[in-house]
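Chains as they are written, first to last, in the working numbering: chain A, 1 to 112; chain B, 113 to 226.
Be aware that one or more of the hints could be misleading.
[Said to hold, decoys possible] Result set (DSS-like, lysine-lysine): computed pairs, CA atoms no more than 25 Å apart in a straight line:
{"#": "1", "chain 1": "B", "residue 1": "Lys130", "chain 2": "A", "residue 2": "Lys96"}
{"#": "2", "chain 1": "B", "residue 1": "Lys125", "chain 2": "A", "residue 2": "Lys96"}
{"#": "3", "chain 1": "A", "residue 1": "Lys73", "chain 2": "A", "residue 2": "Lys97"}
{"#": "4", "chain 1": "B", "residue 1": "Lys183", "chain 2": "B", "residue 2": "Lys165"}
{"#": "5", "chain 1": "B", "residue 1": "Lys130", "chain 2": "B", "residue 2": "Lys182"}
{"#": "6", "chain 1": "B", "residue 1": "Lys130", "chain 2": "A", "residue 2": "Lys97"}
{"#": "7", "chain 1": "B", "residue 1": "Lys165", "chain 2": "A", "residue 2": "Lys97"}
{"#": "8", "chain 1": "A", "residue 1": "Lys97", "chain 2": "B", "residue 2": "Lys167"}
{"#": "9", "chain 1": "B", "residue 1": "Lys165", "chain 2": "A", "residue 2": "Lys96"}
{"#": "10", "chain 1": "A", "residue 1": "Lys55", "chain 2": "A", "residue 2": "Lys73"}
{"#": "11", "chain 1": "A", "residue 1": "Lys97", "chain 2": "B", "residue 2": "Lys115"}
{"#": "12", "chain 1": "B", "residue 1": "Lys169", "chain 2": "A", "residue 2": "Lys78"}
{"#": "13", "chain 1": "A", "residue 1": "Lys96", "chain 2": "B", "residue 2": "Lys183"}
{"#": "14", "chain 1": "B", "residue 1": "Lys167", "chain 2": "A", "residue 2": "Lys96"}
Rather than coming from a laboratory, the hints here were simulated on the basis of the structure.
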Amino acid sequence: AQTVTQSQPEMSVQEAETVTLSCTYDTSENNYYLFWYKQPPSRQMILVIRQEAYKQQNATENRFSVNFQKAAKSFSLKISDSQLGDTAMYFCAPMKKGKLVFGQGTRLTINP
Amino acid sequence: DVKVTQSSRYLVKRTGEKVFLECVQDMDHENMFWYRQDPGLGLRLIYFSYDVKMKEKGDIPEGYSVSREKKERFSLILESASTNQTSMYLCASSPGQGGNTEAFFGQGTRLTVV
Chain A
1 AQTVTQSQPE MSVQEAETVT LSCTYDTSEN NYYLFWYKQP PSRQMILVIR
51 QEAYKQQNAT ENRFSVNFQK AAKSFSLKIS DSQLGDTAMY FCAPMKKGKL
101 VFGQGTRLTI NP
Chain B
113 DVKVTQSSRY LVKRTGEKVF LECVQDMDHE NMFWYRQDPG LGLRLIYFSY
163 DVKMKEKGDI PEGYSVSREK KERFSLILES ASTNQTSMYL CASSPGQGGN
213 TEAFFGQGTR LTVV
């Protein structure tokens, strides 16, 4: 089975700081997609950002950006100017044959 | 907006009971999924369906079965609930086989088996 590793079970930063969540994965495919989802205390899973593996340019969505290193199979998420509403579980999820494979998650807390 | 609705947010069942978790999506998506979420393990795929009456085992199908009689509804069945099936269950749907298509999730059912 495809494995996804998020090496930081928990992180905590002050509001307005920048934080980076790490993710590594394994795959034998050359063309695939990767996603970051967040799960706030409401439990609703929300898409944060997606990256296409064949694109060299890193994806960006407002304060959220990724550092995608295909050769290293690394897909980290950077949150700039963090806000209290960013407090959530964050999951890295490559897609394989139409199915998302999830990492263990990183619990991120933004402190006022 | 896509809506994925799970029938219960919280459920308490007794060991040995047959349990049905229901999921309905309103966007005509081909794909539907059942995941189980446990602390430290993330989400693990139980079953996947890519069409009506079609199903495929995920990584942890033991002790579970599924039913998809209509496109919009995907049911997870615990034939004989056990305490190790106490968990959070998440349903999701996505449109077709496109690799860049986002999956949409329900709000989860927290199942406790006593």
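Hints, verified against the model:
1. B:Lys130 x A:Lys96: Distance ~32 Å between lysine 130 of chain B and lysine 96 of chain A Cα, so the pair is violated.
2. B:Lys125 x A:Lys96: Roughly 34 Å between the alpha carbons, so the hint for lysine 125 of chain B and lysine 96 of chain A is violated.
3. A:Lys73 x A:Lys97: Given pair lysine 73 of chain A, lysine 97 of chain A holds - Cα atoms ~18 Å apart, limit 25 Å.
4. B:Lys183 x B:Lys165: holds, 9 Å
5. B:Lys130 x B:Lys182: Between lysine 130 of chain B and lysine 182 of chain B the Cα gap is close to 21 Å, so the pair holds against 25 Å.
6. B:Lys130 x A:Lys97: violated, 31 Å
7. B:Lys165 x A:Lys97: holds, 19 Å
8. A:Lys97 x B:Lys167: Answer holds: lysine 97 of chain A to lysine 167 of chain B is near 14 Å, not above 25 Å.
9. B:Lys165 x A:Lys96: holds, 22 Å
10. A:Lys55 x A:Lys73: holds, 14 Å
11. A:Lys97 x B:Lys115: Answer holds: lysine 97 of chain A to lysine 115 of chain B is near 23 Å, not above 25 Å.
12. B:Lys169 x A:Lys78: Judged against 25 Å, a Cα distance of about 34 Å means the pair is violated.
13. A:Lys96 x B:Lys183: holds, 22 Å
14. B:Lys167 x A:Lys96: holds, 16 Å
Hint compliance for this structure: hints 1, 2, 6 and 12 are broken, all remaining hints hold.
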